[in-house]
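My request is simple: use the sequences and hints to build the entire structure.
Going down the list, the sequences are from chains A and B.
To convert, note that position 26 of the first sequence is 25 in numbering that gives the first Met the number 0; the numbers rise steadily by one, no gaps.
To convert, note that position 112 of the second sequence is 111 in numbering that gives the first Met the number 0; the numbers rise steadily by one, no gaps.
Among the hints, erroneous ones may be present.
Said to hold, decoys possible - Only part of the chain A face toward chain B is listed, based on derived beta-carbon distances under 10 Å:
id, residue
1, 1
2, 2
3, 7
4, 8
5, 12
6, 24
7, 26
8, 57
9, 70
10, 77
11, 181
12, 188
Claimed, not checked - When the alpha-carbon atoms are kept at most 20 Å apart in a straight line, the in silico DMTMM-like pairs for lysine to aspartate or glutamate are as follows:
id, chain 1, residue 1, chain 2, residue 2
13, B, 8, A, 35
14, A, 104, A, 144
15, A, 55, B, 89
16, A, 213, A, 169
17, A, 53, A, 15
18, B, 8, A, 38
19, A, 39, A, 80
20, B, 74, A, 215
21, A, 63, A, 35
22, B, 74, A, 85
23, B, 8, A, 57
24, A, 223, A, 168
25, A, 225, A, 141
26, A, 63, A, 38
27, B, 75, A, 86
28, B, 12, A, 60
29, A, 63, B, 72
30, B, 75, A, 168
31, B, 12, A, 161
32, A, 104, A, 127
33, A, 110, A, 123
34, A, 2, A, 80
35, A, 110, A, 92
36, A, 2, B, 38
37, B, 75, A, 105
38, A, 53, A, 21
39, B, 75, A, 60
40, A, 147, A, 121
It should be emphasised that the hints constitute simulated quantities derived from the structure, not laboratory data.
Fair warning: this is a prediction, and the values are worked out from it, not measured in the lab.
Think of the CB as a built atom: it goes at the ideal place given N, C-alpha and C, for glycine as much as any other residue.
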Amino acid sequence: MRKNIGYLPENTPVYEDLNVIESLEFFAQIHHIDTEKRDKAIKRVIESCGLGEKLKNEVSELSKGYKQRLGLAQALIHNPDILILDEPTTGLDPNQIAEIRDLIKEIGKNKTIILSTHILSEVEATCDRVIIINRGKIVGQDTPEGLKLRSEAANVVYIEFEGKLREAEEILRQIEGVKNLYKVDCDLPKVHRLRIETENDLDLRKEINHALQKNEMELLEMRKEKASLEEVFRQLTSN
Amino acid sequence: MRNIFAIIKKELKIYFNSPIAYIFLVVFLLISSMMFFMDFFLLGRAEMRYFFEWLPIIFIPFIPAVTMRLWAEEKKQGTIELLLTLPIKDIEVVIGKYAATSLFILLSLVLTFSIPLILGILGNPDWGVIFTSYFGSFLLAISLIAIGMTISIFTSNQIIAWILSTAVFFILLLIGFPFFLNYTPEFLINFFENLGFMSHYRSFIIGVIDSSDIIYYLSLISLFLLINVIKLDSRRYR
Numbered sequence: 000m001r002k003n004i005g006y007l008p009e010n011t012p013v014y015e016d017l018n019v020i021e022s023l024e025f026f027a028q029i030h031h032i033d034t035e036k037r038d039k040a041i042k043r044v045i046e047s048c049g050l051g052e053k054l055k056n057e058v059s060e061l062s063k064g065y066k067q068r069l070g071l072a073q074a075l076i077h078n079p080d081i082l083i084l085d086e087p088t089t090g091l092d093p094n095q096i097a098e099i100r101d102l103i104k105e106i107g108k109n110k111t112i113i114l115s116t117h118i119l120s121e122v123e124a125t126c127d128r129v130i131i132i133n134r135g136k137i138v139g140q141d142t143p144e145g146l147k148l149r150s151e152a153a154n155v156v157y158i159e160f161e162g163k164l165r166e167a168e169e170i171l172r173q174i175e176g177v178k179n180l181y182k183v184d185c186d187l188p189k190v191h192r193l194r195i196e197t198e199n200d201l202d203l204r205k206e207i208n209h210a211l212q213k214n215e216m217e218l219l220e221m222r223k224e225k226a227s228l229e230e231v232f233r234q235l236t237s238n
Numbered sequence: 000m001r002n003i004f005a006i007i008k009k010e011l012k013i014y015f016n017s018p019i020a021y022i023f024l025v026v027f028l029l030i031s032s033m034m035f036f037m038d039f040f041l042l043g044r045a046e047m048r049y050f051f052e053w054l055p056i057i058f059i060p061f062i063p064a065v066t067m068r069l070w071a072e073e074k075k076q077g078t079i080e081l082l083l084t085l086p087i088k089d090i091e092v093v094i095g096k097y098a099a100t101s102l103f104i105l106l107s108l109v110l111t112f113s114i115p116l117i118l119g120i121l122g123n124p125d126w127g128v129i130f131t132s133y134f135g136s137f138l139l140a141i142s143l144i145a146i147g148m149t150i151s152i153f154t155s156n157q158i159i160a161w162i163l164s165t166a167v168f169f170i171l172l173l174i175g176f177p178f179f180l181n182y183t184p185e186f187l188i189n190f191f192e193n194l195g196f197m198s199h200y201r202s203f204i205i206g207v208i209d210s211s212d213i214i215y216y217l218s219l220i221s222l223f224l225l226i227n228v229i230k231l232d233s234r235r236y237r
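And the structure:
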């Protein structure tokens with residue numbers, strides 16, 4: 000079982016007193032990679048993790064980003080089917096974060112990666128499936144897109160139009176699926192803004208457009224509110 | 000077996016990649032040969048008796064210096080989590096670390112061979128006694144390593160591991176001395192005398208290999224290594 004898993008714990012534990020090659024050799028030995036295949040395996044992870052220029056450096060001299068790469072290389076040396084990463088991008092600068100994410104995506108093409116994180120933009124950028132755990136219980140499980148639909152914000156449309164406000168509100172209320180209308184402040188003369196809440200999973204943008212046009216009102220802007228994973232996360236875990 | 004070798008290799012590399020190993024060896028050799036030559040020039044006899052009398056006292060601060068980092072460092076760096084999730088048995092990790100440190104101490108003892116070499120050139124020493132003395136010192140050293148390693152597993156702070164190990168070694172040395180035994184209740188004298196390592200060490204330096212002394216050391220070692228394995232196992236989530 001443990002042979003099929005590569006694990007990178009939080010805060011990237013690495014042996015500070017070894018150099019990069021020695022570290023990788025140690026992990027290769029522990030995983031019983033034969034001497035002939037060892038050099039190949041080490042070469043492979045060095046390439047895929049971009050460690051080429053740091054081979055002889057002591058680990059204690061490496062930057063946090065390179066330590067993270069080394070941690071990944073150690074976890075990948077035996078070509079495991081499953082890779083478990085615990086907060087792989089904490090403490091890295093934005094460039095390093097982007098590099099590590101690209102690396103994770105690249106590796107994820109052929110392997111299952113289980114990644115734990117609190118950074119939800121990371122989830123959106125790298126993951127195919129999300130499980131939200133609150134106090135040891137699974138509270139949500141879906142694709143990132145699927146989860147976003149659960150957000151209240153997923154059912155909100157903003158419109159900006161020219162015309163009479165009262166009339167427009169009446170017309171819009173008649174559309175099936177519209178739950179609530181709220182007026183939003185607007186500085187422009189004759190222009191009104193409305194926030195329209197619709198029922199779950201209904202996209203009413205077409206209907207709204209038609210209804211307004213039929214009544215000779217000029218639609219200036221319409222946008223669906225972007226649902227964020229943060230909001231879903233808060234909703235699911237705030238009990 | 001391969002796992003144990005991998006651990007031994009890793010531990011030895013860590014000793015020799017950092018200055019620990021070199022500083023340890025140089026200072027250890029300096030102090031131990033100083034102890035030898037002080038008495039050697041005074042008495043002018045071709046024997047190493049006083050060297051081996053001093054050796055346990057030199058071990059007291061020196062052995063904790065190599066055992067303190069064994070687990071404490073892994074815990075501090077978090078690498079213990081990595082080590083325990085690899086496909087490797089706890090007992091292999093324990094034996095590997097223990098063997099690496101024992102080999103390191105063996106090396107430092109081997110480096111003192113220049114002393115008997117000088118004796119061989121200058122006079123006619125009793126090689127048998129020198130051999131049993133070295134054997135006894137090595138047994139003593141690896142027992143202390145087992146104890147020091149066990150203390151290291153209970154803390155993530157190397158300094159604490161060093162202080163506690165030194166204190167424990169000092170007490171184990173002290174309870175075998177006559178001035179201490181004079182003040183102990185009579186029924187405990189025998190117990191203390193046998194518990195302390197000096198009484199088991201002295202027979203070696205006068206040239207006697209007693210099986211009861213060997214059993215004393217071996218049981219100390221197995222007991223403390225077992226504690227290591229149990230402690231590692233208790234970290235697992237069930």
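Going through the hints against the structure:
1. Residue-level restraint check for residue 1 of chain A holds (minimum Cβ-Cβ distance to chain B is 4 Å; threshold 10 Å).
2. Interface hint status for residue 2 of chain A: upheld, as the beta-carbon distance to the closest one in chain B is roughly 5 Å, under 10 Å.
3. Against a cut-off of 10 Å between C-beta atoms, the interface hint on residue 7 of chain A holds, since the closest Cβ of chain B lies about 8 Å away.
4. Checking residue 8 of chain A against chain B by beta carbon gives a least distance of about 5 Å; that is within 10 Å, so the hint holds.
5. Annotation: interface hint on residue 12 of chain A holds; nearest CB of chain B at approximately 4 Å, less than 10 Å.
6. Checking residue 24 of chain A against chain B: minimum C-beta separation of about 8 Å stays under 10 Å; hint holds.
7. Checking residue 26 of chain A against chain B by beta carbon gives a least distance of about 8 Å; that is within 10 Å, so the hint holds.
8. A distance limit of 10 Å between C-beta atoms decides the matter here; for residue 57 of chain A the minimum to chain B is near 7 Å, and the interface restraint holds.
9. At a threshold of 10 Å, the smallest CB-CB gap from residue 70 of chain A to chain B is about 9 Å, leaving the interface hint in force.
10. Given the 10 Å rule on beta carbons, the hint for residue 77 of chain A holds: about 9 Å separates it from the nearest Cβ of chain B.
11. A distance limit of 10 Å between C-beta atoms decides the matter here; for residue 181 of chain A the minimum to chain B is near 50 Å, and the interface restraint is violated.
12. Because the closest C-beta pair between residue 188 of chain A and chain B is about 63 Å apart, greater than 10 Å, the hint is violated.
13. Using a Cα cut-off of 20 Å, the hinted pair residue 8 of chain B and residue 35 of chain A holds, with the two alpha carbons roughly 19 Å apart.
14. Taking the CA atoms of residue 104 of chain A and residue 144 of chain A, the gap is near 18 Å; set against the 20 Å cutoff, the hint holds.
15. Pair hint residue 55 of chain A plus residue 89 of chain B does not hold up; C-alpha atoms about 30 Å apart against a cutoff of 20 Å.
16. Of the supplied pair hints, the one linking residue 213 of chain A and residue 169 of chain A holds, its CA atoms being roughly 13 Å apart against a limit of 20 Å.
17. Using a Cα cut-off of 20 Å, the hinted pair residue 53 of chain A and residue 15 of chain A holds, with the two alpha carbons roughly 14 Å apart.
18. Proximity of residue 8 of chain B to residue 38 of chain A is assessed by CA-CA distance (about 17 Å); at most 20 Å being required, the pair is judged to hold.
19. For the suggested pair residue 39 of chain A and residue 80 of chain A, the alpha carbons sit about 18 Å apart, so the restraint of at most 20 Å is met.
20. In summary, the hint linking residue 74 of chain B to residue 215 of chain A is not supported, as the alpha carbons are separated by about 73 Å, beyond the 20 Å threshold.
21. A distance of roughly 31 Å separates the Cα atoms of residue 63 of chain A and residue 35 of chain A; the hinted pair therefore is violated under the 20 Å criterion.
22. Proximity of residue 74 of chain B to residue 85 of chain A is assessed by CA-CA distance (about 17 Å); at most 20 Å being required, the pair is judged to hold.
23. For the hint pairing residue 8 of chain B with residue 57 of chain A, the CA-to-CA distance comes to about 17 Å; that is within 20 Å, so the pair holds.
24. Taking the CA atoms of residue 223 of chain A and residue 168 of chain A, the gap is near 18 Å; set against the 20 Å cutoff, the hint holds.
25. For the hint linking residue 225 of chain A to residue 141 of chain A, the alpha-carbon distance of about 18 Å falls within 20 Å, and the restraint holds.
26. Under the criterion of a C-alpha separation no larger than 20 Å, the hint pairing residue 63 of chain A with residue 38 of chain A is inconsistent with the structure, at around 25 Å.
27. A threshold of 20 Å between alpha carbons decides the hint, and for residue 75 of chain B with residue 86 of chain A the separation of about 18 Å falls inside it, so the pair holds.
28. Pair hint residue 12 of chain B plus residue 60 of chain A holds up; C-alpha atoms about 17 Å apart against a cutoff of 20 Å.
29. Distance restraint check for residue 63 of chain A and residue 72 of chain B: the Cα-Cα separation of roughly 19 Å lies within the 20 Å cut-off, and the hinted pair is therefore satisfied.
30. Distance hint between residue 75 of chain B and residue 168 of chain A is unfulfilled; the C-alpha atoms sit about 64 Å from each other, more than 20 Å.
31. Pair hint residue 12 of chain B plus residue 161 of chain A does not hold up; C-alpha atoms about 77 Å apart against a cutoff of 20 Å.
32. Distance hint between residue 104 of chain A and residue 127 of chain A is fulfilled; the C-alpha atoms sit about 10 Å from each other, no more than 20 Å.
33. Taking the CA atoms of residue 110 of chain A and residue 123 of chain A, the gap is about 18 Å. The hint holds against a cut of 20 Å.
34. Pair hint residue 2 of chain A plus residue 80 of chain A holds up; C-alpha atoms about 9 Å apart against a cutoff of 20 Å.
35. Between residue 110 of chain A and residue 92 of chain A the CA atoms are separated by roughly 26 Å; this puts the pair beyond 20 Å, and the hint is violated.
36. A hinted pair counts as satisfied when its Cα atoms are at most 20 Å apart, and residue 2 of chain A with residue 38 of chain B does not qualify at roughly 58 Å.
37. Between residue 75 of chain B and residue 105 of chain A the alpha-carbon distance is near 32 Å, which puts this suggested pair outside the 20 Å criterion.
38. For the proposed pair residue 53 of chain A and residue 21 of chain A, the alpha carbon gap of about 12 Å is at most 20 Å, so the pair holds.
39. Proximity of residue 75 of chain B to residue 60 of chain A is assessed by CA-CA distance (about 18 Å); at most 20 Å being required, the pair is judged to hold.
40. At roughly 15 Å between alpha-carbon atoms, residue 147 of chain A and residue 121 of chain A fall within 20 Å of each other, so this suggested pair holds.
Figure legend: structure checked against the earlier numbered hints; hints not met, in rising order: 11, 12, 15, 20, 21, 26, 30, 31, 35, 36 and 37.
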